[in-house]
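> So the chains spell out like this:
4 protein chains.
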Amino acid sequence: MFFASDNGSAVAPEVLAALAADPGPAMPYGADPVTAEVTAMIRTLFEAPEAEVALVTSGTAANALALATLSPPWGAIFCREEAHIEADECNAAEFFSGGGKLVTLPGEQGKLAPETLAAALARFAPGDLHAARPAALSLTNVTELGTLYRPAEIAALTAVARTRGLGCHLDGARFANALVAADASPAEMSWRAGIDILSLGGTKNGLMGVEAVVVFDPARADELRIRRKRAGHLMSKHRYLALQMRACLADGLWLRLARHANAAAARLAEGLAALPDVRLVAPAEANLIFAELPQPLAHRARAAGAVFYDMGGKGNRVRVRLVCSWNTSDAEVDAFVAALA
Amino acid sequence: MFFASDNGSAVAPEVLAALAADPGPAMPYGADPVTAEVTAMIRTLFEAPEAEVALVTSGTAANALALATLSPPWGAIFCREEAHIEADECNAAEFFSGGGKLVTLPGEQGKLAPETLAAALARFAPGDLHAARPAALSLTNVTELGTLYRPAEIAALTAVARTRGLGCHLDGARFANALVAADASPAEMSWRAGIDILSLGGTKNGLMGVEAVVVFDPARADELRIRRKRAGHLMSKHRYLALQMRACLADGLWLRLARHANAAAARLAEGLAALPDVRLVAPAEANLIFAELPQPLAHRARAAGAVFYDMGGKGNRVRVRLVCSWNTSDAEVDAFVAALA
Amino acid sequence: MFFASDNGSAVAPEVLAALAADPGPAMPYGADPVTAEVTAMIRTLFEAPEAEVALVTSGTAANALALATLSPPWGAIFCREEAHIEADECNAAEFFSGGGKLVTLPGEQGKLAPETLAAALARFAPGDLHAARPAALSLTNVTELGTLYRPAEIAALTAVARTRGLGCHLDGARFANALVAADASPAEMSWRAGIDILSLGGTKNGLMGVEAVVVFDPARADELRIRRKRAGHLMSKHRYLALQMRACLADGLWLRLARHANAAAARLAEGLAALPDVRLVAPAEANLIFAELPQPLAHRARAAGAVFYDMGGKGNRVRVRLVCSWNTSDAEVDAFVAALA
Amino acid sequence: MFFASDNGSAVAPEVLAALAADPGPAMPYGADPVTAEVTAMIRTLFEAPEAEVALVTSGTAANALALATLSPPWGAIFCREEAHIEADECNAAEFFSGGGKLVTLPGEQGKLAPETLAAALARFAPGDLHAARPAALSLTNVTELGTLYRPAEIAALTAVARTRGLGCHLDGARFANALVAADASPAEMSWRAGIDILSLGGTKNGLMGVEAVVVFDPARADELRIRRKRAGHLMSKHRYLALQMRACLADGLWLRLARHANAAAARLAEGLAALPDVRLVAPAEANLIFAELPQPLAHRARAAGAVFYDMGGKGNRVRVRLVCSWNTSDAEVDAFVAALA
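Chains as they are written, first to last, in my numbering: chain E, 3 to 343; chain P, 3 to 343; chain Y, 3 to 343; chain V, 3 to 343.
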């Protein structure tokens with residue numbers, strides 16, 4: 003009953019098998035054929051023949067590199083209050099951008115409303131020499147609260163951002179989960195909705211530690227590659243990242259794994275919804291669930307072997323986060339619900 | 003005949019096997035038992051019970067994190083002219099340190115002499131408000147020219163550094179190769195010789211992409227860990243780094259792999275030395291060889307399938323770098339020498 | 003009728019006279035006797051014999067240097083939403099600190115409540131590896147809305163900050179105005195209330211461009227001095243800053259100038275309060291007034307020659323900022339009120 | 003007998019008088035008419051109608067802002083070993099550029115030879131992902147050794163720089179001294195010789211603390227202005243900088259002051275050259291002289307009241323730096339020479 007995080011799950015067997023499949027030597031730093039193949043695959047999948055792909059080993063690296071490419075050091079980067087880049091990356095965006103400012107915005111259920119963004123932008127007078135310069139918008143999908151932006155919602159937000167020339171970033175640590183939840187194509191959920199740079203997560207979806215930064219604007223590709231090297235994020239045995247990503251993208255494995263995780267979460271949500279004392283904080287649209295329940299129930303679940311994060315609470319109720327993975331089993335889900343019942 | 007770099011070689015089979023050996027879930031970000039085990043192993047191997055260990059996925063990250071921990075933004079970091087941190091890391095040390103300055107020093111055969119360091123330090127008057135503050139010494143062993151510092155040589159350099167309060171870093175991308183070449187213990191080659199932070203390389207020695215930053219001064223451990231997180235170098239599925247490192251350190255595999263690489267290089271050096279037109283630039287003390295030879299010979303070797311880097315040349319002679327790996331075979335070596343003969 | 007800002011006023015004649023009073027050569031970079039004298043004067047005035055004093059030429063420099071000394075690059079700096087460091091300094095605090103994060107907090111009338119700070123701090127779990135580290139509190143007095151913290155209010159806030167080890171900064175661009183408004187001593191309004199570093203403004207109080215960073219904790223003095231030099235804020239002809247500051251502090255000129263500005267603002271507030279269509283946004287406690295009035299009235303004042311900033315509005319009402327200076331005359335004030343009447 | 007530095011001299015009386023000449027209020031941050039006038043004057047003087055002018059209060063600020071505008075964080079900035087930006091600005095260039103690297107080059111008599119620059123550039127292979135990117139050339143004129151680049155020499159160096167796309171910066175802390183020494187026009191010594199950004203010094207030439215950054219490429223002007231603000235170098239009472247610069251540029255005062263300083267240095271050099279034990283290190287082409295003399299002679303001069311810097315020595319000989327200013331008198335010069343005789 004491991005619901006702590008999808009980054010606590012093991013590597014998918016297809017991916018492990020792929021690592022063993024290329025025993026010969028290869029030129030380092032991405033000058034190998036598998037890396038070229040992965041770039042081609044992502045271009046095809048995203049219907050973006052000029053997109054650049056840079057593999058890195060952490061989501062924080064992917065996000066911070068993307069944002070630094072979109073924002074100058076004097077830029078303002080607009081995001082949700084609980085965005086991972088704001089709350090969980092230890093000032094990485096500020097570091098990589100050379101001192102950029104995150105402007106945090108409120109919203110319902112982990113999502114940003116276009117009018118909230120518009121109002122925030124209006125507080126920055128064009129040409130004001132004293133303030134930060136609005137530079138980038140960063141969205142997360144699946145959101146940090148487990149909710150989902152549909153492509154049209156993203157497009158509405160990036161349209162507002164465009165009115166002030168902002169670059170648009172999508173933190174897609176759970177991009178595959180978002181795609182299958184929205185039944186959208188990769189292009190629809192990214193560049194067609196106005197996204198300039200995507201952090202395409204792999205680690206939470208069965209890889210060992212691989213994320214792809216996908217840069218849809220070729221003019222920004224060089225800078226991102228230089229930034230990756232300078233930050234120590236250009237792996238020397240790069241083909242081992244590429245091998246993982248190739249295994250994941252081939253034959254739609256990434257979508258199958260994400261679909262499994264979402265289905266497990268749906269089953270879990272259904273089970274929780276039937277319990278009188280448990281309340282879902284937000285609709286379970288992908289593989290994350292936030293629920294409020296009495297403290298004693300949480301203790302009982304832990305005593306039964308469940309692992310999950312406590313997000314704080316009021317009175318005797320506690321908010322918990324439950325994350326399902328590519329390999330969460332129905333048995334685990336059912337055992338958890340039974341432990342609460 | 004792959005002599006381009008030891009980071010072009012595949013992952014050792016023992017390491018690949020280890021990756022598949024832990025299929026269950028685990029807490030992310032290093033809060034797993036294998037990570038704790040690796041820390042304990044390194045403490046034992048280095049006879050340093052308080053050392054802190056931070057695993058990262060690239061040598062540039064290891065070096066830049068170490069140097070930023072040793073040097074303030076206004077610091078001067080002393081190193082050799084061709085140090086990897088100066089020549090091949092795209093300003094990573096400057097980036098991570100927030101604007102530190104690398105002061106490059108000359109020397110023979112890739113090595114720094116204590117009197118050269120002393121003279122350089124003398125140019126920085128104590129208390130000079132206008133100059134950078136001498137902050138760190140960074141050595142590389144095996145050096146970038148394939149030569150070796152013995153522990154006493156390192157100790158002589160760090161002793162000079164101590165006279166001005168510098169922190170001492172060792173870039174040990176090929177630390178195992180240095181150890182077996184010098185027949186020294188890990189402690190002798192590091193903290194007993196005055197090293198405060200070691201970049202302990204694994205990637206060039208059969209791992210997929212794992213380096214350990216070993217911090218011998220516990221007072222610096224916290225800062226290094228925070229810097230690792232902020233730089234996106236704290237892997238979420240951290241146990242997979244630990245599994246690799248454990249496999250490598252267990253039963254002395256790391257030293258066996260390094261011994262193999264060094265022996266291959268010795269065989270290669272012997273073969274080259276016997277060729278009339280080939281000159282070794284520096285003694286082959288570990289697994290790197292720099293040789294000068296006529297351009298046509300280099301072309302002939304490439305035509306025969308050899309892969310190696312050209313380091314520039316004068317007239318019709320060229321300098322080449324030849325690197326042997328944990329899996330370089332005698333047959334490869336002999337074929338290369340034969341191609342030149 | 004110049005109410006745009008107190009930094010638009012001319013230099014006080016006593017200060018201009020002082021500049022001409024030292025025609026001989028002097029050692030640069032602060033190694034001159036006048037600088038030493040100013041340090042001694044500030045130590046005496048603040049009853050802080052070990053305080054360090056660093057003169058700079060802008061308030062942004064003073065604030066950013068102070069905050070970078072208090073916060074590491076991974077720190078969180080807590081301040082009000084409309085703090086000058088957040089809204090008007092173009093990411094200087096982020097730049098100087100190497101990527102620190104400003105956490106903005108709401109409040110009434112430009113002021114922060116201790117419980118708001120406590121709640122914000124509670125959202126940062128001690129030891130959380132992923133979040134920024136709470137590092138500093140920055141207050142402004144006189145506040146950006148023209149209101150005043152009394153010493154006990156500052157002490158209550160710094161007491162909360164101390165519970166988490168934060169360093170405490172006071173942006174005293176209008177420190178003299180605050181002192182005379184609160185009838186407090188410099189010590190009461192700074193270190194006795196828990197302030198570690200003070201930006202002591204001079205520019206808005208009749209100087210040409212001089213602010214003093216006063217560091218009450220001697221352990222932080224060296225770092226601040228190095229940071230000042232590195233940022234290009236150590237003036238070479240430093241004595242000319244010191245001459246200004248000496249003239250200002252001698253015989254209580256600084257307090258007389260501030261008292262004049264506050265009195266002019268009080269007269270202005272009284273005049274405005276008597277007008278039926280004008281509403282004071284916050285009590286006029288020092289030399290800044292924020293007022294809401296009908297747009298046509300604002301136009302009429304401008305047509306009569308008044309200069310002031312428009313802070314936005316709703317419907318046909320507009321919020322204006324009116325700042326009085328050391329040389330604002332009763333005639334100006336009365337003419338402005340008359341123009342609105 | 004003050005020969006320590008031209009930044010130890012007082013402010014010229016014409017400049018002091020100018021400060022008192024504008025007692026009314028003015029819009030801050032450069033939005034005043036005097037600032038506009040200074041920009042127009044510099045454009046005319048430099049025959050550069052589109053040049054942008056940014057006044058700052060220190061040479062370090064001018065240089066670091068210029069270099070950060072020319073070099074990305076991953077850039078290499080080429081300069082002489084003893085360049086002020088390398089040796090005397092406490093990593094300001096590295097700080098402002100976000101981690102740029104200064105590549106120091108040797109040369110005779112404080113000057114860089116085009117072939118030395120070309121050779122250094124050749125060590126950076128175009129497109130090398132691992133190395134810093136050659137980004138800028140920084141020259142100093144008058145050089146740090148008191149020698150002079152003529153316009154054709156600068157043009158030869160910037161021509162080499164252009165082959166690799168470098169931006170070209172001139173540290174003109176003593177630009178006026180260079181102009182009169184070379185009998186060149188401002189345009190000839192700057193943009194016509196290939197300079198993109200000039201640090202035009204005023205402080206060492208009789209101002210209180212004003213340098214102008216002159217940006218000849220309009221495309222870089224906005225970034226420089228933003229960087230100035232972000233670094234706390236946009237003065238609020240900006241007109242007082244402009245008043246100084248206007249006084250200095252009007253009627254050729256700046257050139258007269260520089261001519262005086264150069265003439266004093268020539269007289270001093272002539273006097274020293276006649277002394278048997280004194281050797282000039284480099285030809286005295288402007289207002290700086292470096293001389294080697296016996297230690298007892300240096301002591302004797304100090305005992306007689308002379309103030310100057312000791313630059314180190316060998317055996318019983320010492321190298322001293324002697325700087326003449328806009329107000330160095332013949333009597334001072336003669337007294338100094340007499341003290342040594």
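Where hints are given, some of them may not hold.
Because identical chains cannot be distinguished in the list, a pair is counted as satisfied if it fits within a single copy or across any two copies.
No more than 25 Å apart at the CA atoms, straight line, and that leaves these computed lysine to any residue pairs for SDA-like [what the hints assert, rightly or not]: (1) Lys-113 - Arg-227; (2) Lys-316 - Asp-34; (3) Lys-316 - Ser-331; (4) Lys-316 - Gly-254; (5) Lys-113 - Glu-225; (6) Lys-316 - Thr-106; (7) Lys-113 - Ala-124; (8) Lys-113 - Leu-123; (9) Lys-113 - Asp-90; (10) Lys-316 - Ala-343; (11) Lys-113 - Val-339; (12) Lys-316 - Gly-109; (13) Lys-316 - Thr-165; (14) Lys-113 - Phe-126; (15) Lys-113 - Ala-19; (16) Lys-316 - Glu-294; (17) Lys-316 - Ala-122; (18) Lys-316 - Ala-120; (19) Lys-316 - Pro-220; (20) Lys-113 - Arg-125.
What the hints contain is simulated information worked out from the structure, not anything from laboratory work.
> Each of the hints needs a verdict: does it hold here or not?
For each hint, the structure was consulted:
For the identical chains of this complex, Lys-113 and Arg-227 are neighbours neither inside a copy (30 Å) nor across copies (32 Å), given an alpha-carbon limit of 25 Å. Taking the shortest Cα distances, Lys-316 and Asp-34 never come within 25 Å of each other, neither inside one copy (54 Å) nor across copies (30 Å). Taking the shortest alpha-carbon separations for Lys-316 and Ser-331, neither the intra-copy value of 31 Å nor the inter-copy value of 56 Å comes in at or below 25 Å. Proximity of Lys-316 to Gly-254 under the C-alpha cut-off of 25 Å is found in neither arrangement, the shortest distances being 43 Å within a copy and 53 Å between copies.
Proximity of Lys-113 to Glu-225 under the C-alpha cut-off of 25 Å is found in neither arrangement, the shortest distances being 30 Å within a copy and 34 Å between copies. With identical chains, the CA atoms of Lys-316 and Thr-106 are at most 25 Å apart both within one copy (24 Å) and between copies (24 Å). Taking the shortest alpha-carbon separations for Lys-113 and Ala-124, both the intra-copy value of 19 Å and the inter-copy value of 23 Å come in at or below 25 Å. In this assembly of identical chains, Lys-113 and Leu-123 lie within 25 Å of each other by CA distance both inside one copy and across copies; the values are 17 Å within and 24 Å between.
For a Cα distance limit of 25 Å, the shortest separation of Lys-113 from Asp-90 inside one copy, 17 Å, qualifies, whereas the shortest one across copies, 28 Å, does not. When the C-alpha separation of Lys-316 and Ala-343 is checked against a cutoff of 25 Å, the pair qualifies only within one copy, where the shortest distance is 22 Å, while the shortest distance between copies is 54 Å. Proximity of Lys-113 and Val-339 under a CA criterion of 25 Å is satisfied in neither setting, with 28 Å inside one chain copy and 47 Å between copies. Proximity of Lys-316 to Gly-109 under the C-alpha cut-off of 25 Å is found in both arrangements, the shortest distances being 21 Å within a copy and 23 Å between copies.
With identical chains, the CA atoms of Lys-316 and Thr-165 are at most 25 Å apart between copies only, with a shortest distance of 22 Å across copies and 41 Å within one. In this homomeric assembly, Lys-113 and Phe-126 come within 25 Å of each other (Cα to Cα) both inside a single copy, at 22 Å, and across copies, at 22 Å. In this assembly of identical chains, the alpha carbons of Lys-113 and Ala-19 never lie at most 25 Å apart, being 38 Å within a copy and 43 Å across copies at closest. In this assembly of identical chains, the alpha carbons of Lys-316 and Glu-294 lie at most 25 Å apart only when taken from the same copy (10 Å versus 40 Å across copies).
In this assembly of identical chains, Lys-316 and Ala-122 lie within 25 Å of each other by CA distance solely across copies; the values are 16 Å between and 30 Å within a copy. Taking the shortest Cα distances, Lys-316 and Ala-120 sit within 25 Å of each other only across copies (16 Å), while inside one copy they are farther apart (33 Å). Taking the shortest Cα distances, Lys-316 and Pro-220 never come within 25 Å of each other, neither inside one copy (49 Å) nor across copies (38 Å). For the homomeric pair Lys-113 and Arg-125, the shortest alpha-carbon distances inside one copy (20 Å) and between copies (20 Å) are both at most 25 Å.
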